[in-house]
Amino acid sequence: MRRRRLWKRGLMYLVLALFAVIYIYPFLLDVGTAFKTDADATAHPLSPVPSHWVLAAFSELGQQDFPRWLMNSVIVAVFVTAGRVLFDSMAGYALARLRFRGRGALFSAIIAVMAVPGVVLLIPTFLILKQLGVYNTYPGLVLPLLTDAAGVFIMRQFFLSVHPSIEEAARIDGAGIFRTYWSVVLPMARPALLTLTILSFQGSWNNFSMVLVAHQSPSLDTLTTGVGRLVSGQLGAGTQYPLQLAAAMAMTVPVAIVFFVFQKYIMRTGEGAVKE
Amino acid sequence: MIPARRGRSAARRREAAAGWLMSAPVIVVLVVFLVAPILMAAWVSISDWTGIGSPFSSGVHNVGLANYKALLSTSGLPQQQLGESLRNNLYYVILVVPLQTALALGLALIVSRKRLAGRGFFRTAYYFPSITSSVAVSILFLYIFGTTGVVNALISNVGLHGPNWFNDPDGILHLLLSGLGVTHAPSALADHGFLGQPWWEWLAGPSVAMIAIIALAIWTTSGTFMLIFLPAIYAIPADLEEAATMDGANAWQRFRSVTLPMLRPTLFLVLTLGLISTWQVFDQIYLMSQGNPAGTTLTPAYLAYVTSFGNQQWGQGAAIAFILFAIIVVLTIAQRLIISDRRDTA
Amino acid sequence: MKRKTALTALTALTAGLVTLTTACSSSNGFSSGTSPSATQRAKASKTPLTLMFGSSGTAETNAVQAAAKAFTKQSGIGVQVIPASNLTQQVAQGFAGGQPPDLFYLDPLTFQSYAKDGVLDAYPASLPNASGFSPALQQAFTYQSTFTCDPKDASTLALYINTADWAAAGLGAPPANWSQLQADAKKLTTGGRVGLVIDQTHSGMDEFFYQNGGTVLDGDQVQLDSPQDVQALTFLKSMLTQGIMKLPSQLNAGFSGQAFGENKAAMDIIGNWENGELQTDYPNVKFKVYPLPTGPSGTRATLSFTNCWGVPKQSKNLAGAIDFVKFLTGAQQEMTFAKAFGVIPSLETAQTQYTQTFPQYATFVQELSYAHPDIAIAGATQALGAFDSALAQLASGNPATILKTAQTNLQAVVNQDK
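So the protein lines, in turn, are chains L, S and W. So that you can map any letter, position 196 of the first sequence is 196 in our numbering, and since no number is skipped, the others follow by simple counting. So that you can map any letter, position 246 of the second sequence is 246 in our numbering, and since no number is skipped, the others follow by simple counting. So that you can map any letter, position 116 of the third sequence is 116 in our numbering, and since no number is skipped, the others follow by simple counting.
Derived from the structure by calculation, the hints contain no laboratory data. Here the structure is a predicted model, which means the values were calculated and not measured. From the three backbone atoms N, C-alpha and C, an ideal C-beta is built for every residue, glycine too. Some hints could be false.
[Claimed, not checked] Simulated restraints, written as ranges between beta carbons of each label pair:
no. : chain 1 : residue 1 : chain 2 : residue 2 : range
1   : L       : 31        : W       : 132       : 38 to 44 Å
2   : W       : 47        : S       : 14        : 25 to 31 Å
3   : W       : 75        : L       : 56        : 33 to 39 Å
4   : S       : 24        : L       : 174       : 24 to 30 Å
5   : L       : 114       : S       : 65        : 26 to 32 Å
6   : S       : 99        : W       : 190       : 52 to 58 Å
7   : W       : 47        : S       : 63        : 33 to 39 Å
8   : S       : 99        : L       : 114       : 20 to 26 Å
Same shape as in the complex, but just chain L (with noise of 0.2 Å):
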């Protein structure tokens, strides 16, 4: 008996680790072949080892507009995750905590916006942008995302959560609304707002379709829609693989950064309390 439930075990682990190793090896080819040769890339894709290490396509990478892509990609994301993270808790809190008139409303119509697929908005937001007189301007590519349905949705469902007598205890100290908001309960709402701005970060950052409609000039581009010009169309370099890989990894690094600095956070929000 003891047999059989060990050979279970292991082949539990086996294929544990096989899965492993399907999610993790494209990123260390990635990493090994951003460091290998043209030809070395094509000759050997297995390997994510180098026959020789060659910094070339990291220097191509620099000749490329890099270090204004990565300006422009920090620009967006702390634009953006900022307004998220002040805006959506504003709003998520009144949906949660205040009671006004036609809030109700309010809160369907917001639930109705998270159903609208991102996608089907490309074209009228190019159309609004440029009603605006904001397309191919920095405000251009942040306005549109600077807020967003989900991000409410968690934050009020995360007041809804906080006990009513915290904040009946802060009226009766005198505190206002906003006072109470902002000095008593925002505060304790510091993981739903970690969970929020990793989350705004990582969706801002990554974007491309957003970024792509929303300007046409090469200096507003961002790591997403500049690297993909090294892809797609005219100047796709062709099996030039260890250039787009050098630029697929230097973008990737900064968002597994604040992955696994704040880790536990989006680990712990996905699984509640359990003993490791």
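Fit chains S and W to the given chain L structure using the hints.
Same frame as chain L, now just chains S and W:
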């Protein structure tokens, strides 16, 4: 009495004002960047705007449903391409949603077992692809499925010759059928069709190129859905499982009668999210294939973009976007009706 | 969180957003594309110009950037050079967004659409060299008898042969007709290298239709499904089936020139823009250029390609843009481009100079006399895109079906334009 009542209503009014004020930024952004654009695009879809100047200028006329007719009822290239894109996206959805859901659930079940060494490592590994951008993953998969890439190298290690993935337009159903000896379309299927595509083409299955993109989708999103399943799995009371074990149920029976029913709401959520996102696939098509080979990776989202920005047929492009919107709404409602669970209505 | 710091942060964020919005908000709304006033045309301001183009390779990109720098030095007007990853799409987005580039490569096909929409400035008449261009090139960019756009250069398709491979196979004179082409390709297909590569689009294959006595467009009638055209495409397919010819996607190359440069193919049918590409990226390849083989009945035919310098009416520095075109269409600058990436100048005087400087490329200029311009029907982008997608699958496709479908789609476009 009266001062108190007045005091209470004044407080109420303050609360209402605060409520609207705090919701204001979200409302503004939603109205300006969701409602207004959709209305504008609706106008463009019934107009003959050519992309020059404003869509509201005097030179732009209302052409009624002409754009929609060209796409849905008039036989010609626009209808053909819409039909093609719908077929491709349909197969993409049919393959990606069940596979990613099953994979996510399977991984979640294993990763949530008691006494698992390296749980954190495995969880991180499976979730990591989800945090990367579509651009980075597209680059990875262009390399992995290239003619001299990882997949073909693995296939050749087994002695076979891998296909030229991104240039192979053969539908896999057609390939299967030709393996069984059916190489030509029976005339009933070839002569009649829907939306400009003969039924034989509707039954082609996803192309070999599309398979590579399907693999990408499953690889990228299964981790996210795994994270959604985990808390639901942990929420299943342990004594339910123990009771089932004591009744003599084996692992599979326990899964079917205890785990699965308790996971129904989450399963429903994952399926809905999967449906909505798979009908919108755009980035990967733009970056990897641009609809090629032979239009077998064309999707409605990409078709709408290229029709507007590439061919300058803005009215038609907007119409395609609305047709796609309608499809997604209908499917979501249909799914709700079919798999609705009264227990989980909020 | 301290109240003061929170408030400060909130104020800062709002202030930042407001500043960005007001500072960066450029043109408001859409512009209507009205004609420039006389004063706007007369003075060239110092407003920088944007030049957008589709590059054939590193050689062309470098040459265009050098020309831009030279112009800036001469005139003091800054130029931002933008190599496009998808020129048509990006220019279209520019027009729709009200900010088209001040100068862009415009091909005869897209020219028809923009000329019809009335967004191009018809500047050629105002420049002194208006009558110096090749008549055929001028014709391609004339809309309703107005010469609307200066052609920048011309290219024709010719046969590139890798001389090392040729000598190794013991071959003598270049192929004079289709059967010799086939025989030579067979002999050159050896050791993982294929005999011939051609581009997998209509711009890479239509010349065979003409060589076989067929045509593409006759007045108002598209003739793609004629027996001559089907026969020609079937000939190409048979070479694919025999394995003596391959398309670039089958060779893991982006276009035929890349496959030729990497010696994955010994012969290539491509235009003279390949010269610059070979010079810069593949300097070790030894090659010679010959006229295309004739069809079975001895018909000589090839395709000609050209682009013009498109200038939009709504350019913010219209006079500056026109000055830039004047600079770029000077005989000296045209010869510089020719030397850099091998295109034939559009000015007739420069063409003579070209033949004298590059006797080995005289073929291209000679071919101009029997070259047919590439298809240019307004609004045909989608139909031609579908045609190209089908041609890319020629190895497994049915020539008659491919041509019949393209015929139907293109005829629909022509009928719409009438």
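A quick look at each hint next to the structure:
no., hint, result
1, L:31 <-> W:132: 38 to 44 Å, "violated, 56 Å"
2, W:47 <-> S:14: 25 to 31 Å, "violated, 53 Å"
3, W:75 <-> L:56: 33 to 39 Å, "holds, 37 Å"
4, S:24 <-> L:174: 24 to 30 Å, "holds, 25 Å"
5, L:114 <-> S:65: 26 to 32 Å, "holds, 29 Å"
6, S:99 <-> W:190: 52 to 58 Å, "violated, 44 Å"
7, W:47 <-> S:63: 33 to 39 Å, "holds, 38 Å"
8, S:99 <-> L:114: 20 to 26 Å, "holds, 25 Å"
Checked against the numbered hints given earlier, the structure breaks hints 1, 2 and 6 and satisfies all the rest.
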